[in-house]
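J.: Knowing the structure of chain A, use the given hints to seat chain B on it.
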Amino acid sequence: MSSFKTIAVFLVLLIFSTISQAQDPIRLISPWGEGSIAFPFLEGFYQYDESRFMNKIDVVGSCAEVTNIIKNTDEPTIAFSEALFLSKNNPCNILNEKYFVTTVGLASLNFCTINPDDDVAIKKFQRDVRVGHFNGDMFRIPIESILRNMSGKNSRAVPYRSTPDAIAAMKAGEVDFIVTSQNNMAENCFLTTGETNDDITYKVSDFYDGKFSNAFYTLAIVGANVNKEEIKKAFINSTDPDINNIYIDGRGRSYSPELIKKDREYQLKIINDYVNHLKNAER
Amino acid sequence: MIETIFAFFLGLLAGIVTGILPGVSILAAMAILYPVLLYFDTINAIILYVTLGACVNYFASVSGTFFGVVASPTAIPSMIEGHALFKKGDGDAAIMHAAIGSFVASMFALLLTVGLLEFLFVFYNLFNSRIKLIIFFIAIVFFILTADNKWWISLIFAGVGLFLGNIGFREGTMEEFMTFGITPLYSGLPLISVLLGLFVIPHIFLNLESSQKTVSFNPITFSGYIKNLKEMLSYKWIIFRSSLLGYITGFVPGMTYILGVSISYGLIKRKKQKENTYEKGDLHCLISTECANSAGALSVILPLLLIGIPITGSQTMIYSIAMNNGIDMTIQYFQSMYFNVIIAYTITSIICVFIAGKYVNWISIIKRINFDYIYIIIILILILIVFLIGSRTLQEWYYLSILAIFLPFGYALRKFDVTPAIYSFILADHIYYSLRSTIALF
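Line order of the protein sequences matches chains A and B. Here the first sequence stands for residues 4 to 286, numbered as in the working numbering. Here the second sequence stands for residues 619 to 1060, numbered as in the working numbering.
The shape of chain A in the complex, shown without the other chains (with noise of 0.2 angstroms):
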């Protein structure tokens, strides 16, 4: 009988002590739907670890309501973001060091046009050119201050409503070229400013060396409430292709696990200097 109290207090503590041990879920939130980018980035966490991370993914309304979520939320917390939004008034900007985690990839800007042709695009760009583009600041000022410098006096920027609607405007002759972070939705992408991105001929950066000529912008993951290292040592793993199927590179973006294995201020420096590369060329 004594044997049998033993054990049953034995239980009783050990349950007691898993409970009390248990911590809440991270919550997991995306200011885009199903299809989006940020869908296998975060669903990787909960792929790697079912008990920490809970098993389904909040859209919410708008990169606004992110912001709104992760300043007044009282439960562990994870959301995916782009990482640049100009201006402190943006009601996007949740870039600090506060939320910040970590950096999930690297997207550089990408030029692409009609013609399957490297060599021809290229003299092309050369000339006045119309150039279609998404993301307003985040895109126009690097993209002006690249057309500056290897394009013809007359070039110009023009934005649109998304990277398909910017498409659309070159299949329809509107636009000479668009820029877009992601190298397989134009046909054809021959100018990078992305130095290690193999699969496109041309380097800004051969052209010419200045702010923009390296530019890419960053997505991030923000949150609040969380163990910040214990979140990146998630993400690495979750996104380590040995552990899982996470096909990072779907979209052609250039994913650096080198950038992301480097400490949080290192990131945070890359894309303030970024920031401060856009507010500078608007002055």
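Worth double-checking, as some hints may not be accurate.
Stated by the list, open to error - Computed footprint of chain B on chain A; a stretch qualifies when at least three of its residues, placed anywhere within it, have a C-beta under 8 angstroms from a C-beta of chain B:
| hint | region |
| --- | --- |
| 1 | 120 to 129 |
| 2 | 213 to 223 |
Stated by the list, open to error - Below, computed lysine to any residue pairings styled on SDA-like, alpha-carbon distance capped at 20 angstroms:
| hint | chain 1 | residue 1 | chain 2 | residue 2 |
| --- | --- | --- | --- | --- |
| 3 | A | K59 | B | Y657 |
| 4 | A | K156 | B | F1060 |
| 5 | A | K156 | B | A1058 |
| 6 | A | K59 | B | V654 |
Hints in this document: simulated from the structure, not taken from any laboratory. No residue lacks a Cβ here, since even glycine has one placed at the ideal position from N, Cα and C.
T.: Structure of chain B alone, referenced to chain A:
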């Protein structure tokens, strides 16, 4: 092959459910199905999408005719005419003419696509911002002139629609308009809340106020379809013109086929009004709008299938699956698989014509019920659907609040034709971007 059959039947089932449920859009259905789609080959995902889209039209038309509700602004004219016919006791004629018109228009659009495959690049010009801007301008003028109001009242409605449609934060240009720091407003005003608050629910209130409490309804039969099919020959020019208009305007990104539907409907209605033969519940008007709708529903997919340009939210999901599977959506890819799509589309159209007829007969038991109760139940279902759609982005209370704000305005304006406001609201974002792009080009 098994996956293809599964995708086909899943699309069929999803299309039926989406069409039957008032207020549920193709985008919402695709978002629910997306996790399943990820396991499909790209071609099967496309078959599911095409099947779903084709099927929704037939069943949404039944919901519009029977209950006076719509999920999409393109279905507004057919709902107005179909429901009026239904209340006159001609629901069977409305359903059969709409179904046959849709079927014929779908087949016409298919033949046009196959026949013009090598020449469809001509339509790429519709992607040009300046041309889009001109088309948008024509559309707004057309909405104003064909609405059942004095022109200046419609002009005010169109202005209000454009104003409301601009509220929000645009990630394309990183600019915000009239958000006052209220976070949910950054995502803009939700279409479903505005559509239901300003138009659909007030329209139901208008029906509640009428003295007619019951309706008579003749069942749909196979012989009825044959009889109506013969009758449809007399509408051949309306069918041809409307299908062509719907087909062409389906290519314009952002506008989809709203303009085609609205022009087809407006032209017939104007003509009949001039001849003093127009009365709400007009078969000519119904057929023209259904044909434009169905032809446009096919052509709206073509920019995605032919050149990999998704122009609606639901298409973005298909595009994403293709990208993840490493498929470049080019005209060569389309040529390699369009036969499967055509087969799926044709079979779906045939099946849906008949299943929709069966469904209509099944729900026709409602003719024994006082229609006021049905309207009240529909209003409650619509509110629930707004809640559910809002909850997809954790914004259920925001969606309901916007509905609550617009409802009194909609009620006060229920005797006016507010469609210029609804259509302008939808086009506002696209007009803004077309304008921005055009300015940047000069």
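J.: Given the hinted pair A/K156 and B/A1058, is their Cα-Cα distance within 20 angstroms?
T.: holds (15 angstroms)
J.: Please count how many residues of the region 120 to 129 of chain A have a CB within 8 angstroms of a CB from chain B and say whether that reaches 3.
T.: violated (count 0)
J.: Within 20 angstroms, alpha carbon to alpha carbon, are A/K59 and B/V654?
T.: The hint holds at about 15 angstroms.
J.: So if I understand the rule, the pair passes when the alpha-carbon distance is 20 angstroms or less; does A/K59 with B/Y657 pass?
T.: Satisfied, since the Cα-Cα distance of roughly 18 angstroms is no more than 20 angstroms.
J.: For the pair we were handed, A/K156 and B/F1060, check the Cα-Cα distance against 20 angstroms.
T.: holds (14 angstroms)
J.: Quick check: the region 213 to 223 of chain A, covered by chain B? Criterion 3+ residues, Cβ under 8 angstroms.
T.: Our answer is that it is violated, as 0 residues pass the Cβ test (under 8 angstroms) against chain B, missing three.
Hints 1 and 2 from the list above are not met by this structure, while the remaining hints are.
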